[in-house]
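The primary structure of each chain is shown beneath.
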Amino acid sequence: MNKTSIGNDEKVIWQQLATIPDPEIPVVSIVDLGMIRGITVDNGQVIVQLAPTYNGCPALEVIRMQIRAVLEQALRKNVEVQLIIDPPWTTDWISKEGLHKLKEYGIAPPAGRKSTTGWRDEAANVSCPHCGSDSTELISQFGSTPCKALYRCTECLEPFDYFKCH
Amino acid sequence: MDEQWQPLDHFLLMRGDDCLILGHRLSEWCGHGPILEQDMALTNISLDLIGQARLYYQLAGERLGRSEDQLAYLRNERNYLNAWLVEQPNGDFAHTIVRQFFFDWYENALLEALERSKNDRLAAIAAKSLKEARYHRQYSCEWVIRLGDGTEESHRRMQAALDRLTPYVGELYQNHAFHASLIDDQVIPDIAGLWSPIEQQMVEVIRESTLTFPVMPSLPARGREGIHTEHLGFVLTELQYMQRAYPGSTW
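One line per chain: the protein sequences are A and B, in this order. The opening position of the first sequence corresponds to residue 0 in numbering that gives the first Met the number 0, with each subsequent residue numbered one higher. The opening position of the second sequence corresponds to residue 0 in numbering that gives the first Met the number 0, with each subsequent residue numbered one higher.
Hints should not be assumed to be uniformly reliable.
Unchecked claim - As a list, the in silico BS3-like pairs of lysine-lysine whose alpha-carbon atoms are at most 30 angstroms apart:
{"id": "1", "chain 1": "B", "residue 1": "K130", "chain 2": "A", "residue 2": "K100"}
{"id": "2", "chain 1": "B", "residue 1": "K130", "chain 2": "A", "residue 2": "K113"}
{"id": "3", "chain 1": "B", "residue 1": "K130", "chain 2": "A", "residue 2": "K102"}
{"id": "4", "chain 1": "A", "residue 1": "K95", "chain 2": "B", "residue 2": "K130"}
{"id": "5", "chain 1": "A", "residue 1": "K102", "chain 2": "A", "residue 2": "K113"}
Please keep in mind that the hints were generated in silico from the structure rather than gathered at the bench. Keep in mind that this is a model prediction, so the values were computed, not measured.
Please construct the entire structure, taking both the sequences and the accompanying hints into account.
This is how it looks when you write it as structure tokens:
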């Protein structure tokens, strides 16, 4: 296989991967989340390096299956998905577009940390994704998926999900 | 304990078993949490821990020529190396929180040290898991304070849980003779040395919670040698039932 066709394949692969939504937050793709760490095409074999977000996230197996299904259909090649934990996935890898999509969907994007003292990690001000107010409060550190916490806006009174800094 | 295990295999299984058994215990709360948010919190922590257990089992499995599932589902009680603390029953919410509090402090200190392991794979597992462990510790510390410094009833239950579970803490901070070469080679830290910096911080949280840290001798626990309290057998009976009843079954 010559270099040009590897290049072409890679472009197609990125385009295809961008169509795969996170199974639990379908508004963002696995590319938006920064989960794809590398792609190699070697003699008819495609290797996709995937960074798991949380170790026990049940969506991971679904994502693996979808990557294989989508790429094998598009390229007619064997596809292997390798899990990469080093360096560990971080919310810093979420693309600007991904952050924007989260907010549009009603999930407050990661806001950073205000301070860390010993075991206490204080999250920075989280803005309400509905009305934009900064007067919000934490309801629960754990939300409907491992990556989210539950907040409430004290202005518009709506509860909302917050994508935790990780 | 299996004679074939090298010191690193033993350490990896010990780590995996702590995470798996505590993860399983927390999963027992699913549908039984005191309120919906806490039901979700406990099962979220459970998922993280089971995910972490898989990383240790995968690495141990590569070395031993066994799959992660074989290691989890087909080992007998005497070949499980978890500490006694994590196999203790959930009890009430106070017991679950105190057990988690003790485990989280140990887990954070150990993972922080393992991040610097000379074994790159182990260091990567630690770095990946530490982010989750920090979050768990914040959760358990906040609940210790909230319930300890809460109502008369919550204070009484928390103190009862502290009194009941404190004797299990000592086992976590014991070095195992079998691990001497790993400590020498800086693959794992001197685990006994993790205790004193942590003790001070735990005492601080307990003080803030208005509870009393009981002065009690440690139990002569031997979980790391595969000798367990009566509770582990019941956990494994449930956890391993499907593979024992239908060997080799898959999803």
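- prompt: What are the numbers of the hints the structure violates, in ascending order?
  reply: none
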